[in-house]
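S.K.: As a plain string of letters, each chain reads:
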Amino acid sequence: MSQTTQHEFAPEEVMAYLDGELDSARAAALAGHLEHCDGCSAVAAEFRRLSGRLLDFQIDGGAKHLDERVLDELSGVAPATARKANAEKPRRWRLAFASPYTWALAGVLIVALVVRFGIPNLLLSHKPTSAATEPVNTFDIPYLAKMQSAPIAKATAGAGGGGGEEGAIEAPQPTGPMIAQTASLTIIANNYDEASGSLGRLAASEGGYVQKLDAQATPDTPRQISATVRVPAKQLAGFLAELHKLGRVQQESQANEEVTDQYVDLQARLKSARASEQRMLQLLATRTGKLEDVLDAERELARIRGEIESMEGQRNLFAHRVEYATVDVRLQEEYRAKLDSASPSARTRIWNAAVEGYGNFADGVMALLIFLLNYGMSIVFWCAIVMVPAGFVWRWWRSRA
Amino acid sequence: MRGNFFPAGDILRVKGRRHEAHGLAEMTTDDQLAIEFQQGSRDAFRELFERYREPIYGFFRRRLDNPARAEELAQECFLALLRNAKRYEPRAAFRSYLYGVALNMLSAERRKSGREVANDGQMPDPPVNENTDASVWVRQALERLETNDREILMLREYEQLSYAEIAGLLRLPVNTVRSRLFRARMALREQLAPVQGKD
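From first to last, the protein sequence lines are chains A and B. First residue of the first sequence: 1, per this note's numbering; consecutive thereafter. First residue of the second sequence: 402, per this note's numbering; consecutive thereafter.
Just so you know, the hints here were simulated from the structure itself, not pulled from any lab data. Misleading hints may appear alongside valid ones.
[Said to hold, decoys possible] Pairwise CB distance ranges, derived in the manner of DEER restraints:
(1) A/Ala45 with B/Val575: 22 to 30 Å
(2) B/Arg470 with A/Ala45: 32 to 40 Å
(3) B/Arg470 with A/Asp72: 14 to 22 Å
(4) B/Asn485 with A/Asp293: 54 to 62 Å
(5) A/Asp60 with B/Arg572: 29 to 37 Å
(6) A/His65 with B/Arg572: 31 to 39 Å
(7) A/Ala45 with B/Asn485: 40 to 48 Å
[Claimed, not checked] Derived coverage of chain B by chain A (criterion: at least 3 residues anywhere in the stretch with Cβ under 8 Å from a Cβ of chain A; other residues may be distant):
(8) 497-511
(9) 581-587
Glycine is no exception: its CB is placed at the ideal position from the N, C-alpha and C atoms.
Could you build all of it, start to finish, from the sequences and the hints given here?
M.R.: Written as structure tokens, this is what we have:
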């Protein structure tokens with residue numbers, strides 16, 4: 001096998017030829033070469049001999065029990081038809097998913113479902129109440145909640161646009177801007193007693209009333225009255241002119257607040273709540289269902305009515321603020337200090353000082369006692385913790401000194 | 402004893418046998434039998450089992466020192482074939498598939514037992530046929546070969562796999578298989594030379 005350089009075929013090729021691994025042309029050439037080349041024939045013979053030697057490595061005996069378990073297992077395998085079906089099942093699925101027709105069919109189905117169910121639902125959400133008020137089969141509270149939301153949205157939209165078909169419940173729409181007027185005055189009265197008495201009369205003469213009155217009269221200070229007066233908005237100017245006559249005006253201010261938007265919004269919400277109330281009443285009258293559902297509906301109705309009453313109150317408040325102007329009046333006496341001649345005697349002053357000193361002493365003792373009871377134990381505890389090491393340090397320092 | 406060398410084209414890539422015992426008169430290839438078995442034919446499996454029971458046992462027996470364990474592994478190999486019939490895909494020759502299963506089991510067994518025969522170069526300790534001196538010499542000569550070269554040589558000589566099949570099993574290029582096989586044969590020839598001279 002060492003004659004490789006002198007031959008056209010390397011020993012490795014000879015080996016591959018003997019193994020049947022050469023291509024046919026090369027194998028044919030080598031076969032012809034072997035017929036007249038002693039060297040290559042010797043190489044081939046050597047390979048054959050080596051292969052023959054390897055076959056000396058024989059195994060002893062054989063597998064004695066190999067058949068038992070394998071054939072037992074085989075007998076437990078499912079029959080041919082069933083196995084065939086099982087074997088083909090995943091393949092069918094694989095083929096089905098791999099097919100473009102399957103995906104196309106799935107796409108068409110999805111589009112059809114969207115067209116059938118998605119778009120009608122989308123349109124339904126924009127339809128007016130006629131679609132939303134279709135009869136229901138059961139008394140379901142979540143469903144009622146859905147039904148309420150539609151009239152609310154509609155009434156809200158209707159309020160901004162001048163009202164819908166259910167808009168004429170009550171509470172007329174404002175024809176112009178709604179202005180809540182307020183004024184504030186501080187007057188130094190020329191004649192305090194007369195002015196304070198005339199405040200209520202002036203308000204009544206203008207068709208108003210005193211909402212709040214607060215009088216102060218403490219020694220050595222000027223007397224004063226603080227009052228909140230409500231007068232009709234149209235009479236505000238006349239009322240203020242009458243107030244000016246009471247004395248010298250020290251401070252005056254006026255303000256106008258427009259509440260049109262708040263009023264309209266409140267009125268729209270009130271309208272929708274009333275519509276919900278009517279719908280609930282209709283449902284309670286016409287539908288039957290479980291007792292629990294009926295009770296839930298009653299509770300829902302009570303909640304809506306509570307909201308309605310609250311909103312009505314707010315609406316009335318707005319209307320009143322607009323109809324009646326609010327005037328805050330502070331009427332003050334023109335004060336003149338008086339000489340106080342009645343000072344106590346020296347004996348009285350000493351006695352008063354002694355009594356006050358005893359009181360201060362007693363208060364101090366009591367405060368100390370309370371402090372010790374509150375914090376005494378804690379102070380002792382922390383002092384012990386801090387002082388013991390401090391004592392050691394002090395002794396150590398003194399011993400060094 | 403089966404001859405190992407055949408001229409080009411004569412190598413038995415397709416093994417065939419008359420299925421007279423199971424009523425199958427015509428020659429059937431391994432791959433056809435495997436497909437029939439996958440489709441549920443028990444007779445096809447019996448035929449495959451008959452064809453490969455001794456080669457598979459020999460595969461394990463030559464590589465393991467315990468004959469009982471070799472038999473168990475051969476059994477497991479066929480059982481795996483039986484249980485995983487659905488997963489068999491006829492992309493390569495059935496023989497390659499079967500020896501691939503056997504090779505994987507052998508690797509697992511070596512890992513499990515901690516006796517990496519391939520790594521430490523130790524061949525099965527008890528000779529498989531103590532009565533034959535030639536067998537001892539060959540086994541010892543194989544022991545001295547480099548591990549990968551020895552595996553390639555044994556797959557070629559004893560399992561009669563083609564270069565391409567060996568390359569597929571060991572994930573090597575075909576040319577690498579050929580050169581390593583040549584190297585293994587040269588080394589084995591050197592190992593056996595004194596014996597040959599003695600003979």
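S.K.: Now, for every hint given, state plainly whether the structure supports it.
M.R.: Status of each hint after checking the structure:
Separated by about 26 Å at the C-beta atoms, A/Ala45 and B/Val575 satisfy the suggested range of 22 to 30 Å. A beta carbon spacing of about 39 Å between B/Arg470 and A/Ala45 agrees with the range 32 to 40 Å that was offered as a hint. A C-beta distance of roughly 20 Å is found between B/Arg470 and A/Asp72, which places it inside the suggested range of 14 to 22 Å. Take B/Asn485 and A/Asp293: their Cβ atoms lie about 59 Å apart, and the range 54 to 62 Å holds.
Here the CB-CB span from A/Asp60 to B/Arg572 is close to 33 Å, well matched to the stated 29 to 37 Å. Here the CB-CB span from A/His65 to B/Arg572 is close to 34 Å, well matched to the stated 31 to 39 Å. Taking the beta carbon of each, A/Ala45 and B/Asn485 are about 44 Å apart, inside 40 to 48 Å as hinted. With a cut-off of 8 Å between beta carbons, the segment 497-511 of chain B has 0 residues touching chain A; three or more are needed, and the interface restraint is violated.
With 4 residues carrying a beta carbon less than 8 Å from a beta carbon of chain A, the segment 581-587 of chain B meets the three-residue requirement, and the given coverage holds.
In terms of the numbered hints stated before, the structure departs from hint 8 and from no other.
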